[in-house]
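Taking the hints into account, I'd like the entire structure generated from these sequences.
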Amino acid sequence: MFVKPNPASGMPIYVQMMEQIKHAVETGALRPGDQLPGIRSLAETLVMNPNTVAKVYRELEHQGILDLRHGMGAFVTSKARVTARTNRVQAAEPLVKQLVERLRKQGLSEEQIRRLFEAELIREEELMRSAK
Amino acid sequence: MSTAILETNGLTKHYGNFKAVQDLSLRVQRGSINGFLGQNGAGKSSTIRMLLGMMRPTAGSGRIFDLQIDKPDESIEIRKRAAFVSEDKRLYDYMTVAQIIHFTRSFFPRWRSDLEQRMLREFGLPLDRKVKKLSKGMRTQTALLLAFCRGAEILILDEPTEGLDPVNIEKVLQLLVAFAAEGTTVFFSSHQIAEVEQIAEHIFIIDKGRLLVDDSLDRMKEEYRRISLVFDNPPEPSSFALDGIERITTADRTMSIFASGNADRIVAQAKALHATSVEVLPVNLKEIFLEGLRAR
Chain Z
0 MFVKPNPASG MPIYVQMMEQ IKHAVETGAL RPGDQLPGIR SLAETLVMNP
50 NTVAKVYREL EHQGILDLRH GMGAFVTSKA RVTARTNRVQ AAEPLVKQLV
100 ERLRKQGLSE EQIRRLFEAE LIREEELMRS AK
Chain B
0 MSTAILETNG LTKHYGNFKA VQDLSLRVQR GSINGFLGQN GAGKSSTIRM
50 LLGMMRPTAG SGRIFDLQID KPDESIEIRK RAAFVSEDKR LYDYMTVAQI
100 IHFTRSFFPR WRSDLEQRML REFGLPLDRK VKKLSKGMRT QTALLLAFCR
150 GAEILILDEP TEGLDPVNIE KVLQLLVAFA AEGTTVFFSS HQIAEVEQIA
200 EHIFIIDKGR LLVDDSLDRM KEEYRRISLV FDNPPEPSSF ALDGIERITT
250 ADRTMSIFAS GNADRIVAQA KALHATSVEV LPVNLKEIFL EGLRAR
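Heads up: the sequence lines are chains Z and B, in that order.
Residue numbers for the first sequence follow numbering that gives the first Met the number 0, beginning at 0 and rising by one.
Residue numbers for the second sequence follow numbering that gives the first Met the number 0, beginning at 0 and rising by one.
Restricting the straight-line Cα-Cα distance to at most 30 Å, the calculated cross-link-like pairs of lysine-lysine (DSS-like) are:
no., chain 1, residue 1, chain 2, residue 2
1, Z, Lys3, B, Lys285
2, Z, Lys96, Z, Lys78
3, B, Lys207, B, Lys18
4, Z, Lys54, B, Lys170
5, B, Lys270, Z, Lys96
6, Z, Lys3, B, Lys170
7, Z, Lys3, B, Lys135
8, Z, Lys104, B, Lys270
9, B, Lys135, B, Lys207
10, B, Lys170, B, Lys285
11, B, Lys79, B, Lys170
12, B, Lys207, B, Lys285
13, Z, Lys54, B, Lys285
Simulated from the structure, these hints should not be mistaken for lab results.
As structure tokens, this is what we get:
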């Protein structure tokens, strides 16, 4: 289910793996109660450091997405999907902030920026509709 | 912390006037995978040879487990409990692969027959061939098999993937990962930054015998940044007197800052100096390695 992280990326491997697991939860590939692979098995399959896998599971437990049951393994929590979505919205905030700042610097007004965002969302909606 | 399985303090090796290793202090945590990087002649092999008692330090000390590396009787004990692959992959050339395996296993009561079978199968080593006639890759694979199957508590490896193709490199990395999952400590040197970056959690970079970087890889990727700035009139580099700045290069209106941390403060300073564009990019280990050597 998971793909090998890209070690040569500037993004730490544990962050890449957390993203993959959250994505799987959001898409429904992983559902509440599902068990994740054991640390050793995932480390060997993806050829990555087992301590990093352990860190990923710990961080995701901390975020409420996984439940680590001692001696049993890691399981997806019942509220994982909602939590993963909330996390993603939080993660998007700095991106939007950066873009808005940049557009402002280019001399666009607040109103123009708002219209650009709305126009883009409408355009996407129409594309989706015509694809059906 | 008391969890260090390997530790050196001020380890130094001089060959006449040549300072191969200077004042090296390392701490390796039990159960971790550590990458040891440096250019040719940086002092990697000299360090490893001292750790294994194959060479006496000029000054300083070191221990593996609770055994001193420069005491001959304790070094013998170290070599029973630590597995080691040297840069030259020294083996008995006149033996066949089967003979050298049989010979080696007789010295190690904790020999891993399961692993021996797995490695023979995965590497496809020719049991009846003389070691002398092996290709460079097969020679490396044989040396790895002999080291890995000893049931050691720590693996100290000098260029363990030398001469291997990408498929076989991945097999070796997979074995190292499996060892770490069993609690074995791994300390390995390599020229291949990509493979170090793939499995190591802690990085040591040595240059001209001195330790340049001693850090967790995750922390480095979270902290190191390349910051690209554009100015109408670039300020003097001295106006960026902030912690974390490793190097500043200016070309016309653009300024590039390589930082080992403190990116937020540097960006704030750039904005205060009226930068017209600010871009912050993450960097990978190769960039950190090359920048680190250039800064010296």
